[in-house]
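Just need the whole structure built from these sequences, with the hints factored in.
Residue numbers (this note's numbering), protein chains in the order written: chain A, 1 to 106; chain B, 1001 to 1533.
Derived from the structure by calculation, the hints contain no laboratory data.
All of these numbers come straight from a predicted model, not from anything done at the bench.
All residues carry an ideal CB built from backbone N, CA and C; glycine is no exception.
Heads up, a few of these hints could be off.
For the chain A half of the interface with chain B, some residues (derived, Cβ under 7 Å), not all of them [stated by the list, open to error]:
#, residue
1, Leu13
2, Glu32
3, Leu33
4, Ile46
5, Thr50
6, His57
7, Gly58
8, Ala67
9, Ile73
10, Ser74
11, Gln76
12, Asn79
13, Leu90
14, Pro98
15, Asp99
16, Leu105
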Amino acid sequence: MTDKISPEDFERLAALASLELPADEADYLRKELNNQMVSIEVLESIPIDTETGGTAHGIPYDELNSAAPREDISHQDPNRDEILKQAPELEDGYIVVPDISHEELD
Amino acid sequence: MKTSDLPAYVIADLIKTKQVSAVEVLEDTLERISQVDGRTGQVDAPEAKSEEDLSTVHAFTLVTEKYARQQAEEIDKLVKEGKNPGPLAGVPYTAKDIFTVKGIRATAGSKILSNYISPYSATVVDRMTEAGAVMVGKVNLDEFTYGSSSESSAYKPVTRNPWDTSRVTGGSSGGSAAAVAAGEGAISLGTDTGGSIRQPASFCGTVGLKPTYGRVSRYGLIAFGSSLDCPGPLSRNVTDAALVLQAIAGQDPRDSTSATTPVPNYLKEMEKDIRGLRIGLSEEFFRVTYFDAESMELVKNPIDEQIKDAVLSTAGFLAQLGADIVMDVPLPHTKYGVPTYFVISRVEASSNLLRYDGVKYGYRTEESFKDLRELYTKTRGEAFGVEPKLRMLMGIYLSAAQFDKGYYELALKARALMRKDFEDIFDPRGKYRLDALLTPTAPTTAFPIGSVYGDSVLMQYSDQLTATTNHAGIPGLSFPVGFDNESLPIGAQVLGPDYSEGVLLRIARSFEKVTEKEAWRSNRPPILSKLEG
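And the structure:
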């Protein structure tokens, strides 16, 4: 059986997930993903008629169980400094973000 | 009087009637923790090797003694002043380390949040505080709740089952189930995304309640699968689960998916009798169905005979009490529960995990990096364990346009079919007209530590009997129904229509009462029997 997720696919997935992975870990993860795909592929065998819609929620939401949306009012969080203190690098109340990768243009 | 093994409702009553103080109860709990818990979990600490490590529970990632003492003193002050200290006055509880509590570390069992102090509290935690409960600590779990054995946590040593410390606790609320079983708090708050309250409850011989999706607010939970996550209680008896649900259920303006449906009086509901209730049994829940990678065929394996017998015997007791047992209830899409879960939970998990970046909060790589991109990849590569990595990669694979084979859409349709299965059997005008379905909670009892971990497919199948509940959004309650021949607890679950927690509590409470005198009811975890000498 050929693997659904090839080493090249895996490399692209790891880049999308922003993960730097040692080779042995990458091998293990790719093997497990392919094993999981065997289980997932069973979904292709479900007899689903075209009428069957999908659902993103088990429970239906209607006027009987849903609250009206809150009013859209902004408010200052009293713990501003506490929240900022969690950032690894701060300067004058701002979170420092390292250089964003870019290419120099001629 | 030692209070660690008393039910929560008894502890609250003793405190309110001034027979014992909340601080004394807390002292008992702290003493119990020091006797049975051993090393508290720490990031990347060594696994258990010594005799002591191998025979203790390791439920905690953090014991919040100072915080608990302040809460207990506050309760004692209210009692002294003649004020109402709340229905859970002075009851010691633990919270799975996925709930945020203001000013306290919230790690999700992950290195990436190992230094994160939450600036706010989850709604359920606030409601427990309002009800008078005292939080004694945070307990271990699978990393970001991803797992069924609690072995994937970055916090080591792994939590061990109080009934047999060579066995897993189940997961992901393994620390919660173990703490409750070992008397380290009367109650624990857990979360259930595919079975994560019910399966560990069954492995550790406790009660575990997964409420209807939206019955309890998700605000302040570190998110896994946002359309599946449900917070709920684990406890040593049904009444305590009802008390906690009463305290935490109800609409929350901070969670738009929390339901406005009125909250009934669960304690009253629970004490009604079960005469005339229609309770179903389904063959689909007495086997594990999976797709064999070698033969590429669906294989049906019966579950452990002892578990089947215990569940059938439970049905027998319920029939004695006047319930109508309905056999051969069809739930034909149950076998798609795990494959569907593989898709939906991974897609949701991957979007929830992209926020951890080493910039705003949490762990940041100690290596040098040349730009933001490298900071992300190094930080995330170092600080996520294999389970979150697997879930992100699979979630991205299944939802990224270049790989898309329509699996997500298929999974949403399969989910609709599983929901319809339940709607059909609970339909009051349908053929079956069930009030509840009775099933085993898990296909096995607690398995040995290390025997499944590493095989992510086999581990996921531990949730086959619980995951469809989450897809459908309906409530489920796991309760102890006996022991296997290795003295490991067996759990059964009752599932019901939306918002039917009262009926499920009633069924479990009726079973609890009718089996009060059964010999197995006096079994105690060996770790506690040893304390008594």
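Comparing the hints with the structure gives:
1. Leu13: Holds. Min distance 5 Å.
2. Glu32: holds, 5 Å
3. Leu33: For A/Leu33, the interface hint holds, since the closest Cβ of chain B sits about 6 Å away, which is under 7 Å.
4. Ile46: At 6 Å from the nearest chain B Cβ, A/Ile46 passes the 7 Å test, so the hint holds.
5. Thr50: This hint is violated: A/Thr50 lies away from chain B, its Cβ roughly 10 Å from the closest one there, beyond 7 Å.
6. His57: Given a least distance of 6 Å, the restraint on A/His57 holds.
7. Gly58: Check passed: Cβ of A/Gly58 comes within 3 Å of chain B, closer than 7 Å.
8. Ala67: holds, 5 Å
9. Ile73: violated, 12 Å
10. Ser74: violated, 15 Å
11. Gln76: With a minimum Cβ separation of about 13 Å from chain B (threshold 7 Å), the hint on A/Gln76 is violated.
12. Asn79: holds, 5 Å
13. Leu90: violated, 11 Å
14. Pro98: holds, 5 Å
15. Asp99: Since chain B brings a Cβ to about 5 Å from A/Asp99, closer than 7 Å, the hint holds.
16. Leu105: violated, 16 Å
Checked against the numbered hints above, the structure violates hints 5, 9, 10, 11, 13, 16; every other hint is satisfied.
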